[in-house]
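Now for the letters of each chain:
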Amino acid sequence: MTIEVVLFYALAALAVFGALAMLLFVREVVASAMGLAVTMVSLAGIYLLLEAHLIAALQIIVYAGAILVLFLFVIMLFDPNNDDFDRADPPQIAIKVAGIAAALMLGVAIAGVVSAGLPDAGELPEGFGGFRDIGLQLFTAYVIPVEAAGLLLLAAMVGAVVLAKQRID
Amino acid sequence: MLPIDHVIGLSAVLFTIGTVGALTRRNLIVMLMSIELMLNAANLAFVGFNRIWAANPEGSALDGQIFVLMVVTVAAAEIAIGLGMVIALVRNRDSMNVEDHSVLKW
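Line by line, the protein sequences give chains A and B. FYI, the working numbering numbers position 140 of the first sequence as 208, with every residue one higher than the one before it. FYI, the working numbering numbers position 3 of the second sequence as 18, with every residue one higher than the one before it.
To be clear, the hints were calculated from the coordinates, so they are not data collected in a lab. For every residue, glycine included, the Cβ atom is placed at its ideal position computed from N, Cα and C. Careful, some of the hints might be misleading.
[As the list claims (entries may be wrong)] With the Cβ distance kept under 7 Å, some of the chain B side facing chain A (calculated, not the full set):
1) ILE23
2) THR34
3) MET46
4) ILE50
5) MET53
6) LEU54
7) ALA57
8) VAL62
9) ILE67
10) ILE94
11) SER117
[Stated by the list, open to error] To give a feel for the contact side, a few chain A residues facing chain B, derived at Cβ under 10 Å:
12) ALA78
13) LEU118
14) ILE123
15) ALA177
16) ALA209
17) MET225
18) GLY227
19) ALA228
[What the hints assert, rightly or not] With a straight-line cut-off of 20 Å between C-alpha atoms, the simulated EDC-like cross-links for lysine to aspartate or glutamate are:
20) LYS233/A to GLU93/B
21) LYS233/A to GLU114/B
22) LYS120/B to ASP109/B
23) LYS164/A to GLU114/B
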């Protein structure tokens, strides 16, 4: 095993650990958010190993930076210890549905991956994954999705201001 | 060279954990975090598949990574709106438990 593969398994274990921490810290919401942070940073490492450098940088900046800080901001805004979080245990039906869904999804996904027989990742062409290539693609072939994404962000911004500003009666 | 099928397997595991979180946790913020985790798992699958296509000798492709950019945009918009809704709901009912916000439940 090369160093890359060893690193990949270490990061994968860390990502699963963080996700499980997010799922299982029932009393501490901040601990859940920190588990999500661990997962996101390990995913950024895996993106680096997959030679997706721009995506790795964006993962850190947008997810581990902006989105997690937003989560923590809202958690801190409302004192989490005041309100007894998750005071009711999840209803039995939710646990059953979740268990069945999880078993089905994992089974189908793993059977699909095994039966598909994915080819190994081959050698990359010179200079792959640079910002230049992605930028060129974004502003030539994908220019309409980029504009649509901009419109979506504008709408989300306006919507968030309107929602957070007024009381719902 | 990374084993791509294991990358996709990791993506499936993370997606499953996210689904279980969204279905069983009763806290509004943790439910949103679980949905974020599911989007992250989808991104990982996109990048993993893109790594296979990137090495295609007949023309390298970047489409998977551009899809990830779009998913990140949608995730950011979703979180802005979702947390705005959480703030409005908690102000209104003073609780983050979804069971207390079930007026629209059928």
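Here is how each hint holds up against the structure:
Because the smallest distance between the Cβ of ILE23/B and any Cβ of chain A comes to about 5 Å, under 7 Å, the interface hint for this residue holds. Interface hint status for THR34/B: upheld, as the beta-carbon distance to the closest one in chain A is roughly 6 Å, under 7 Å. Hint status for MET46/B: violated, given a least beta-carbon distance of 11 Å to chain A, over 7 Å. Interface hint at ILE50/B: violated, since its Cβ lies 11 Å from the closest Cβ of chain A, which is beyond the 7 Å cut-off.
This hint is violated: MET53/B has a C-beta 10 Å from the nearest C-beta of chain A, more than the 7 Å allowed. Contact between LEU54/B and chain A, as hinted, is not supported at the beta carbon level, the nearest pair being about 9 Å apart and thus beyond 7 Å. With a least beta-carbon distance of about 11 Å to chain A, the hint placing ALA57/B at the interface is violated under the 7 Å criterion. Given the 7 Å rule on beta carbons, the hint for VAL62/B holds: about 5 Å separates it from the nearest Cβ of chain A.
Against a cut-off of 7 Å between C-beta atoms, the interface hint on ILE67/B holds, since the closest Cβ of chain A lies about 6 Å away. This hint holds: ILE94/B has a C-beta 5 Å from the nearest C-beta of chain A, less than the 7 Å allowed. Restraint check, SER117/B versus chain A: the minimum CB separation of about 12 Å is more than 7 Å; hint violated. A distance limit of 10 Å between C-beta atoms decides the matter here; for ALA78/A the minimum to chain B is near 12 Å, and the interface restraint is violated.
A cut of 10 Å between beta carbons decides the hint on LEU118/A: the least distance to chain B is about 5 Å, and the hint holds. Because the closest C-beta pair between ILE123/A and chain B is about 5 Å apart, less than 10 Å, the hint holds. The interface hint given for ALA177/A is met, as the beta carbon of that residue sits about 4 Å from the closest beta carbon of chain B, less than 10 Å. Given the 10 Å rule on beta carbons, the hint for ALA209/A holds: about 8 Å separates it from the nearest Cβ of chain B.
Annotation: interface hint on MET225/A holds; nearest CB of chain B at approximately 7 Å, less than 10 Å. At a threshold of 10 Å, the smallest CB-CB gap from GLY227/A to chain B is about 5 Å, leaving the interface hint in force. Hint on ALA228/A holds. Least Cβ distance to chain B is approximately 4 Å, under the 10 Å limit. Straight-line distance between C-alpha atoms of LYS233/A and GLU93/B comes to about 17 Å, which keeps the hinted pair within the 20 Å bound.
With a CA separation close to 24 Å, the supplied pair LYS233/A and GLU114/B exceeds the 20 Å bound. With a CA separation close to 19 Å, the supplied pair LYS120/B and ASP109/B stays within the 20 Å bound. With a CA separation close to 18 Å, the supplied pair LYS164/A and GLU114/B stays within the 20 Å bound.
In this structure, the hints that do not hold are numbers 3, 4, 5, 6, 7, 11, 12, 21, in rising order.
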